[in-house]
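First to last, the sequence lines map onto chains A and B. Here this note's numbering is used: the first residue of the first sequence is 1, the next is one more, and so on. Here this note's numbering is used: the first residue of the second sequence is 1, the next is one more, and so on.
By construction, these hints were calculated from the structure, which means they are not laboratory data. Check each hint, because a few of them may be wrong.
Partial pick of chain B residues on the chain A-facing surface, computed with a CB cut under 8 Å [unchecked claim]:
#1 Pro125
#2 Ile219
#3 Val225
#4 Leu246
#5 Asp250
#6 Glu251
Predicted model only: the values in this text are computed from it and were never measured. Ideal placement from N, C-alpha and C gives every residue a C-beta, glycine not left out.
Chain by chain, the residues run as shown.
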Amino acid sequence: MISYIAKRLAIAVPTLLLLIIVSFLLMHAAPGGPFTQERALPPQVLANLEAKYGLDQPLWKQMANYVWGIVAHFDFGPSFIYKDRTVNEIIAQGFPVTLTYGSLSFLLAVLVGVSLGVAAAIRHNSWLDYLAVGISIGAQVLPNFVMAPILVLVFTLWLRWLPGGGWEGGQWQYIVMPVIALSTSFMASIARITRSSMLEVLNSNHIRTARAKGLPERKVILRHALKPAMLPVISYLGPAFVTMITGSVVVDIYFSTGGIGKAFVDSALNRDYAVMMGVTILVGALTILFNLVVDILYAWIDPKIRY
Amino acid sequence: MLNKLLLTTALTVGLALPSVAANVQPGETLAENQDYTYWLLDAIKSMDPQINTDVEGSGVLRALFEGLYNEDQVGGLVPGVATGYELSDDKTTYTFHLRDNAKWSNGDPVTAGDFVYAWKRLADPATASEYAWYMELMQVVNAAEIIAGEKPVDELGVTAIDDHTLEVKITAPLPYFPKMLTHASTFPVNQKVIEQFGDKWTEPGNLAGNGAYVLKEHILGEKVVMEPNPEYWDNENTILQKVTALTINDENAALTRYLAGELDRTQVPAGQYPRLKAEYPDEAISVPQSCSYIYMFNLDKDKGPEALKDVRVRKALSYAIDRDIIVNNILQGGQAPSYNWTHAATEGFEMPEIDYASWTQADRTAKAKELLAEAGYGPDKPLDLTLNYNTSEAHKKIAIAVQQFWKGVGVNLTLNNMEWKVHTDKMQNQDFEIARYAWCGDYNEASTYLDLFTSYSGHNNGKFFSEDFDKLMKDSKTAENPAPLYKEAEQILAAEMPFAPIYQYTKVEMIKPDIKGAGLTNLMQNWYLKDMYRVAN
């Protein structure tokens with residue numbers, strides 16, 4: 001197992017490097033640059049800017065310098081657009097925000113999603129099943145860009161219970177709506193995957209055996225059915241967790257959280273090369289890490305899996 | 001040798017206009033609560049006056065710093081750090097007198113040397129400021145050469161005669177030079193603080209400004225918090241006690257939060273003004289703003305489409321646009337239909353007689369058909385053109401409307417929506433046929449618009465070229481009264497039609513009725529927090 005993890009981590013390095021190279025090239029292939037503006041800069045001013053940010057060097061050299069900066073100093077460079085900030089600072093400010101509301105959304109989505117899915121499966125074709133399926137389809141078809149304004153309308157404008165946006169260091173009033181808006185569609189997916197997987201497991205031989213030997217239904221579900229039923233859910237949860245903790249552009253924009261989700265989209269539109277690379281690497285590294293975590297969990301849940 | 005007459009006038013200007021600072025009117029009682037929260041569309045890109053490039057950042061910079069001059073409620077100049085100036089006979093040397101009680105927020109006195117440092121910093125290639133060209137636009141001696149790296153930065157034509165006297169030499173007379181001094185990129189900065197903190201000097205706690213407010217908090221993408229600066233020379237007249245600028249990227253979200261009482265001022269999303277005006281007549285406002293919206297034609301010799309080289313086609317396209325429908329049915333925010341380039345409310349600008357402005361739309365459309373037929377286009381030979389515009393609901397709606405108007409005169413318009421940077425990049429490389437474009441004035445004077453269509457302008461993306469136009473604009477720089485020349489220049493634009501004017505901007509906002517002094521009547525929409533206050537109901 002340890003050697004398996006070591007091997008996976010070793011593969012992660014060239015994978016990240018490949019990610020950097022491909023993103024770097026794609027980014028530079030897009031028309032326009034960080035200093036392209038409605039008012040074209042005089043050539044000399046543009047040249048001075050490009051010299052300052054090293055954009056006048058050949059692409060391979062820019063890339064080499066960039067990678068060296070990360071390896072040697074863990075320095076992701078300065079933002080080309082938010083010139084008072086470095087990429088490290090932008091991520092250090094924005095990532096804790098999305099990590100907070102993302103983790104909470106994840107917990108909520110898993111708790112509610114799994115419960116709904118299990119309840120629907122064990123009461124298959126009952127009103128509870130229809131209700132659970134109804135709720136999850138409802139949550140699925142209500143995208144967060146519709147959900148967010150509705151939440152604000154109801155809780156901020158009509159009821160005046162919650163502030164309509166902001167973060168204020170992560171006080172609970174500011175977290176409630178982002179968490180609801182972000183978690184619903186994930187919750188719905190988790191509920192559907194859990195339900196179908198649970199239904200399949202409940203019809204399998206080992207459950208029939210468990211029932212046959214007279215185990216109470218509660219034990220059958222919790223001890224024998226839940227664990228194998230979780231396998232497909234867990235493979236969904238790995239990437240979903242990364243997506244959630246790196247934030248959602250809709251949540252960040254609508255609730256003005258100052259999170260990293262918006263920085264990702266903004267940096268691409270602004271051609272803020274350094275921020276775009278920084279966030280890409282962050283998301284890439286987290287994805288690799290949590291795919292590994294999922295694989296380890298697999299081995300733990302299913303004794304048949306050996307690495 | 002100084003011109004005596006000008007000397008006296010300049011000094012009188014300085015003395016007669018006390019700085020206006022929150023000018024509470026008789027009969028108004030101040031509210032107990034003097035907190036103010038306003039909306040920012042996007043995160044502030046930089047708190048460094050020489051680095052910042054956007055309008056929203058300038059609003060914050062005008063609170064944290066103070067330049068030689070400020071603007072009053074209607075956009076007129078009022079003393080800032082300067083109390084007055086003298087202009088030499090040849091109109092190329094300005095001598096500014098600085099007040100001796102101006103201080104930085106760290107207690108240091110504000111001196112002429114601080115301006116010299118800031119201006120050299122703006123022009124210095126090492127600073128790599130995106131606004132370095134503004135020094136060039138101001139025609140400060142050697143600015144262009146310094147930016148180009150041909151001369152050392154010390155040769156910039158700006159000198160501190162003593163701590164309170166600043167001398168600026170410009171290459172040619174520039175009648176609106178003083179007006180350019182309210183621009184944030186000309187604000188002084190404190191050399192000591194910049195050298196002490198390096199790149200981190202703009203962080204709250206480090207940042208020393210000479211404006212009426214100090215920076216308390218700056219969380220990128222969330223908020224900026226400011227409080228009065230006790231060291232500011234006119235601090236006793238600063239009324240607002242806590243100012244918060246909230247970044248809200250979605251203007252509909254901002255509006256909801258305004259309506260929930262979380263904001264005192266926000267923008268009205270396109271098309272919502274009539275409803276809000278009916279519901280909140282005291283709060284919804286629409287005031288002129290110095291920007292002009294056009295469709296630019298590509299006249300480039302090699303890259304422009306053949307059809308647009310014919311002035312009849314360009315005129316036909318412009319005539320066929322029903323601007324009233326665009327402003328009244330699409331934008332609905334009090335915008336003005338436009339038949340010229342310079343914003344009509346620009347100071348000192350006299351609107352020339354433009355023939356088609358006074359015609360009815362039916363006449364215009366008829367004339368458009370006639371011109372197209374003359375140019376050889378008709379049912380047998382339809383004209384196919386492409387319009388590029390950047391992503392935005394409003395741009396899209398206008399483009400669709402124009403597509404319909406042009407269809408009516410036999411022109412097939414293909415709409416080409418693209419992301420902002422791609423649109424800009426294509427425009428600047430003349431890789432377009434017709435492109436949506438807008439320009440906002442840098443200062444309140446017609447040349448900020450008209451200079452754009454000179455052959456030597458860096459922004460003339462459609463590559464319009466007219467010797468007469470160039471000459472008029474060159475002459476206007478030294479003319480005693482440039483207004484008639486501007487009028488003529490506009491007439492050339494109407495005759496040559498290098499673009500189709502569409503509308504002139506208004507600023508459409510919701511603002512709480514108890515907020516006063518917000519500079520709504522200033523065409524440049526430059527407001528100063530120090531002039532604002534909240535009245536009791």
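Each hint tested on the structure:
A hinted interface residue such as proline 125 of chain B counts as satisfied when its beta carbon comes closer than 8 Å to some beta carbon of chain A; here the least separation is about 4 Å, so the hint holds. Of the supplied interface hints, the one on isoleucine 219 of chain B holds, with its beta-carbon coming within about 6 Å of a beta-carbon of chain A, less than 8 Å. The interface hint given for valine 225 of chain B is violated, since its Cβ lies 11 Å from the closest Cβ of chain A, which is over the 8 Å cut-off. Nearest Cβ of chain A to the Cβ of leucine 246 of chain B: about 6 Å, under the 8 Å cut. The hint holds.
Of the supplied interface hints, the one on aspartate 250 of chain B holds, with its beta-carbon coming within about 5 Å of a beta-carbon of chain A, less than 8 Å. A hinted interface residue such as glutamate 251 of chain B counts as satisfied when its beta carbon comes closer than 8 Å to some beta carbon of chain A; here the least separation is about 11 Å, so the hint is violated.
Comparing the model with each numbered hint stated earlier shows that hints 3, 6 do not hold.
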